[in-house]
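4 protein chains.
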Amino acid sequence: MLMKMAVVGLGYWGPNIVRNFSDSEQVESVLCFDSDPQRMEKTARKLPRTRSAKSFEDVLASDVHGVAIVTPTSHHYALARKALEAGKHVLVEKPLAMTSEECASLIAIAQDRKLILMVDHTFVYTGAVRKMKEIVSQGDIGDLYYFDSVRVNLGLLQHDVNVLWDLAPHDLSIMSYLLDQKPTAVSAVGISHYNHQEDIAYMTVHFGERLLAHIHVNWLAPVKVRRILIGGSKKMIVYDDTESIEKVRVYDSGVQMVSREGIYRTLVEYRTGDMSAPKLDNTEALSLVVADFINAIRTGIPPVSDGLSGLEVVRILEASQLSIKNQGALVNLTDGTIESPYEHVTKNRT
Amino acid sequence: MLMKMAVVGLGYWGPNIVRNFSDSEQVESVLCFDSDPQRMEKTARKLPRTRSAKSFEDVLASDVHGVAIVTPTSHHYALARKALEAGKHVLVEKPLAMTSEECASLIAIAQDRKLILMVDHTFVYTGAVRKMKEIVSQGDIGDLYYFDSVRVNLGLLQHDVNVLWDLAPHDLSIMSYLLDQKPTAVSAVGISHYNHQEDIAYMTVHFGERLLAHIHVNWLAPVKVRRILIGGSKKMIVYDDTESIEKVRVYDSGVQMVSREGIYRTLVEYRTGDMSAPKLDNTEALSLVVADFINAIRTGIPPVSDGLSGLEVVRILEASQLSIKNQGALVNLTDGTIESPYEHVTKNRT
Amino acid sequence: MLMKMAVVGLGYWGPNIVRNFSDSEQVESVLCFDSDPQRMEKTARKLPRTRSAKSFEDVLASDVHGVAIVTPTSHHYALARKALEAGKHVLVEKPLAMTSEECASLIAIAQDRKLILMVDHTFVYTGAVRKMKEIVSQGDIGDLYYFDSVRVNLGLLQHDVNVLWDLAPHDLSIMSYLLDQKPTAVSAVGISHYNHQEDIAYMTVHFGERLLAHIHVNWLAPVKVRRILIGGSKKMIVYDDTESIEKVRVYDSGVQMVSREGIYRTLVEYRTGDMSAPKLDNTEALSLVVADFINAIRTGIPPVSDGLSGLEVVRILEASQLSIKNQGALVNLTDGTIESPYEHVTKNRT
Amino acid sequence: MLMKMAVVGLGYWGPNIVRNFSDSEQVESVLCFDSDPQRMEKTARKLPRTRSAKSFEDVLASDVHGVAIVTPTSHHYALARKALEAGKHVLVEKPLAMTSEECASLIAIAQDRKLILMVDHTFVYTGAVRKMKEIVSQGDIGDLYYFDSVRVNLGLLQHDVNVLWDLAPHDLSIMSYLLDQKPTAVSAVGISHYNHQEDIAYMTVHFGERLLAHIHVNWLAPVKVRRILIGGSKKMIVYDDTESIEKVRVYDSGVQMVSREGIYRTLVEYRTGDMSAPKLDNTEALSLVVADFINAIRTGIPPVSDGLSGLEVVRILEASQLSIKNQGALVNLTDGTIESPYEHVTKNRT
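Chains as they are written, first to last, in this note's numbering: chain S, 1 to 350; chain W, 1 to 350; chain E, 1 to 350; chain F, 1 to 350.
By construction, these hints were calculated from the structure, which means they are not laboratory data. Among the hints, a few may not be true.
Any copy, or any two copies together, can satisfy a pair, since identical chains are not distinguished.
Stated by the list, open to error - Below are the BS3-like pairs computed for lysine-lysine, each with C-alpha atoms no more than 30 Å apart in a straight line:
1) K325 to K46
2) K131 to K279
3) K114 to K46
4) K224 to K82
5) K42 to K82
6) K42 to K133
7) K325 to K114
Please read these numbers as outputs of a predicted model, since none were measured by experiment.
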């Protein structure tokens with residue numbers, strides 16, 4: 001049986017989802033809706049087998065199996081909820097919603113109704129990230145030391161979310177997918193120059209004594225940087241998404257403890273070895289997102305980026321936002337409280 | 001009159017200072033001392049007009065005009081103090097000392113005795129940084145929005161200082177030189193995997209509402225990154241020190257507020273224009289450090305990187321260290337206290 | 001009046017032309033034909049407003065205004081000729097035909113029937129090449145010294161043409177467009193490892209005493225290089241098409257004659273100055289090809305890459321091929337003869 | 001026994017040889033001579049254990065074991081000859097001499113007198129080239145298909161040699177070292193804009209039916225390119241000497257013949273696999289040149305870049321020069337004659 005799909009929201013990203021639905025051999029037709037009729041017209045002009053809906057209610061009333069919600073973030077929750085309540089499987093653009101409570105609510109509704117709730121964490125489906133998952137899972141890089149991501153460019157400033165909510169979901173979803181550990185606390189700082197939304201932000205995610213993650217997102221950078229460094233005790237990875245090929249480079253380099261004859265203390269030395277860039281699968285990630293969504297609908301097997309991974313990302317974003325408002329205070333991810341360990345510190349540090 | 005110079009400490013950096021003294025036409029001879037005789041022999045072998053001293057006391061007792069202290073950081077204060085007290089002008093490797101009190105003490109002694117106290121903030125003397133100073137001073141980049149520096153590589157782990165004290169002085173001295181503003185507060189996080197010294201650290205320097213600086217230093221990175229992004233309201237700069245030429249690129253790009261017909265709210269749009277890479281002076285920076293030291297001795301005109309700039313860098317490092325020990329708490333740079341604004345925050349953030 | 005277009009050949013490039021026709025607001029419908037029905041089906045699946053023809057004869061018999069011929073090169077002439085004879089305007093994929101005689105014949109037919117004959121020299125329509133044309137035309141780079149192009153990658157080996165005929169039309173069309181001079185002679189060497197078609201070739205194009213062009217094309221290179229260097233007496237250009245932005249860099253560098261006091265002979269010195277990367281128009285080049293074709297049909301104004309520019313490229317390719325077969329002998333482009341100046345050279349060179 | 005060495009010529013490269021002699025633990029002293037006393041003074045100022053000679057005759061009359069000739073090329077032969085005749089071992093800057101006859105003469109004299117004659121083909125001693133030699137020798141890249149080298153930059157125009165004689169010795173010496181085959185013929189073109197010396201040149205070296213080498217050298221390029229591509233039937237190498245690390249990249253990519261079900265003819269397909277960048281030895285190449293020279297003097301074992309390899313390079317340069325003067329005619333390397341196969345070609349190519 002071929003699937004009928006709908007896409008709500010035809011801004012920047014929506015048409016890409018329409019195209020991937022349209023290209024899929026498992027999809028019969030794509031119903032499109034946007035409050036701007038010109039966008040619907042333009043989409044229909046470019047992509048075959050699409051139909052335009054008159055309203056969101058029309059989409060809900062239609063016979064589509066699944067609905068992709070690709071609107072501004074502030075509308076995700078309301079639209080996704082309505083779609084689930086109308087019995088539709090739902091794919092939501094990242095981030096899943098504006099609060100972790102909204103996410104939890106969507107997850108609960110989907111579970112109740114045995115519907116698929118998926119979030120479009122596209123990067124998790126790229127050949128590069130899948131290859132890194134393989135490398136990390138096999139233990140090739142040893143103990144994880146750090147995850148450092150820089151995602152900056154001259155970007156379109158969003159009106160309903162700041163740069164953290166706009167860009168960091170990519171980094172957080174990659175981080176969660178690659179690291180088999182739960183973060184314990186988060187802190188963040190940000191600054192705003194236009195619109196009262198932070199346009200530059202730095203986030204630190206703590207995983208205990210030995211592993212630290214850090215994310216730098218910036219809408220005001222003159223160059224595009226998309227680089228993730230992953231350090232381990234045995235190997236290290238550089239993932240540069242701006243490279244056309246060789247996006248992932250694995251360095252047989254590291255630091256090691258050595259004892260030298262005649263020296264009584266242990267020395268730390270660094271070691272550099274070969275570098276290799278594994279061949280990557282070039283399949284368009286979004287086509288795999290769409291395929292995973294369709295497979296989940298057909299089989300009930302949860303997609304890789306399911307509602308829970310959407311919640312995990314929003315939980316960290318939410319804590320980061322709280323930290324930004326409190327001058328970078330550490331926010332505990334277990335209970336959502338701000339750490340306040342500073343009271344028993346002698347203020348005069350000397 | 002030709003100068004007589006001494007260099008104390010012939011590890012990684014010391015021989016470079018010996019070489020620049022030796023190459024200078026204003027220097028007659030270079031007296032060298034290191035507790036390791038092999039290092040003295042090797043230096044004497046490679047560089048002419050150098051002599052070896054038997055002890056640090058010999059250096060102090062000699063007729064040299066100036067002494068460069070290029071030892072591990074923990075010895076800077078004691079040695080620089082003795083040299084000043086022996087009436088020598090002093091050039092100290094960065095960071096100037098281990099605490100701001102030590103720095104202040106050295107500054108006071110030098111002032112008392114009318115001696116030059118200089119810190120070797122080499123980067124400030126590079127063609128790249130001098131060109132950026134010119135661009136920023138002329139107002140070409142408009143209001144400053146951010147200063148973001150990444151300085152990572154697989155590095156030699158130091159025993160007496162962590163990665164922040166080892167690498168961040170470069171970034172902080174460049175920052176102080178370029179930005180005509182005083183930082184108000186700092187926060188930092190770091191993590192340690194060997195030796196109980198942080199090998200990865202992130203530092204945020206606050207300058208008020210509109211300007212944020214951030215520094216990422218890392219000894220465990222498989223690739224060398226040396227990149228500073230400077231964002232302004234009119235132009236933006238990328239300074240990539242790993243490029244052999246075109247280290248500084250100026251982007252005529254930015255974000256602007258626009259009003260469009262028929263739209264009642266103001267929109268934020270980005271704008272990209274030409275990029276240009278100004279020609280840079282390639283003179284070895286350290287030769288200019290040495291020349292500035294000699295000039296200061298001769299004329300009494302303070303060098304660009306004088307004791308005060310050394311103090312400024314140490315003051316920020318010190319506050320960062322306090323912040324790291326307090327889980328990233330914001331440390332006020334005016335009075336050295338930790339901010340504790342968290343008490344009046346409702347812990348339940350929802 | 002909206003245009004009706006046809007595209008014959010739906011291999012690698014054909015669907016891009018279909019898409020651009022389909023996206024054009026001046027095109028009503030696109031009739032597609034390929035001898036492989038699966039390709040037609042796939043195109044129809046992906047692009048709206050396309051129809052499939054049953055045969056090439058059907059295309060000719062239809063009411064389309066223009067036909068794009070996007071088949072293997074060996075079929076260009078026969079198909080383009082038939083299309084012109086059927087009264088259709090014709091856009092032919094590069095190279096225009098297999099021989100200059102074929103090109104001349106197509107040009108003559110088109111002229112006779114007052115039809116547009118255009119060749120798809122896509123690169124000439126890119127923002128990068130148009131910007132370079134602007135720079136060269138304004139005289140900014142001074143006298144032209146050389147044009148050096150490298151176009152290599154691991155490529156699909158063609159069956160009916162060698163690497164020269166496959167790749168060099170790009171370089172030759174850019175060269176002809178930018179350089180306001182006629183080449184006088186050409187030589188080339190090539191080597192073949194599979195299929196008896198050269199897979200690596202080097203071509204030198206002579207323009208007299210002071211200007212030399214050279215093209216390196218290679219199907220067996222592990223990396224993709226797309227770089228053109230243009231040297232002038234005042235400035236120099238590097239055009240790197242693999243860059244995502246800043247494809248064109250203009251260097252205020254060069255060589256100059258200087259006289260120095262006390263030195264009686266003139267010295268040659270080099271001079272390096274600033275580099276700038278002008279902002280480029282990012283419009284998809286093929287959409288401008290299509291627009292120029294449509295405009296030519298409507299107005300009769302010849303397109304930038306008309307039949308004559310197609311002939312010029314083929315004339316050079318043809319001479320190169322003759323040169324390859326004669327061990328790199330210089331082939332005169334005026335009369336198509338091989339130069340044989342070697343008879344009066346003393347063979348013993350010492 | 002420690003060696004006494006002399007260096008004649010202290011222009012751009014000479015001081016580097018002085019420094020490497022001076023740094024060597026096997027060298028006792030370095031006698032320097034240049035007709036310009038300022039150069040001698042500057043060298044003596046910078047490097048210890050050097051002495052200045054009053055004349056070249058003084059050098060010959062001294063007790064030095066070996067003499068390095070680092071003068072303009074046109075003086076190599078006369079000076080090297082005199083040094084050999086005075087019983088000195090000789091290291092000559094590349095190219096060995098101006099003609100192959102001169103090279104042969106030097107080789108003969110050295111053999112007669114049982115002296116070492118070495119040419120400074122520095123690149124052959126780099127970690128990068130030695131690693132490539134290892135890879136090629138082990139057969140990892142399969143049958144060799146091509147060797148393509150680009151060596152361009154804005155360079156100092158030489159007065160006594162053209163760009164080919166200045167730069168191509170690097171490429172030719174690397175080529176000869178890596179490829180275990182003798183070239184059969186060569187052709188070249190060049191063009192001159194200043195000084196009547198070619199400042200841009202292209203050279204093609206033939207090795208039979210299946211292997212082609214090509215070298216592009218240019219003094220008028222705005223950017224520095226130092227890239228060698230080596231293609232084989234199994235793997236391919238990219239050697240980019242402008243990279244600070246990862247200069248050598250090995251691509252597990254290539255072209256293969258495949259037969260597909262239902263298709264009667266064989267197809268050629270390309271295949272891309274992993275890339276790896278082997279760790280390279282970073283020892284300064286020139287220190288290994290010096291060590292090989294000293295070792296040869298001590299043991300009589302010929303250095304890697306001996307007189308014969310110097311002759312081989314000059315033989316190809318000489319033939320190239322003849323080709324340039326004859327409009328790119330193919331010059332046979334066996335007997336030094338120009339091929340003239342063009343007489344029996346029908347001039348009308350159609």
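- Item | Violated hints, by number in ascending order, as checked against the structure | 1, 3, 4, 6, 7
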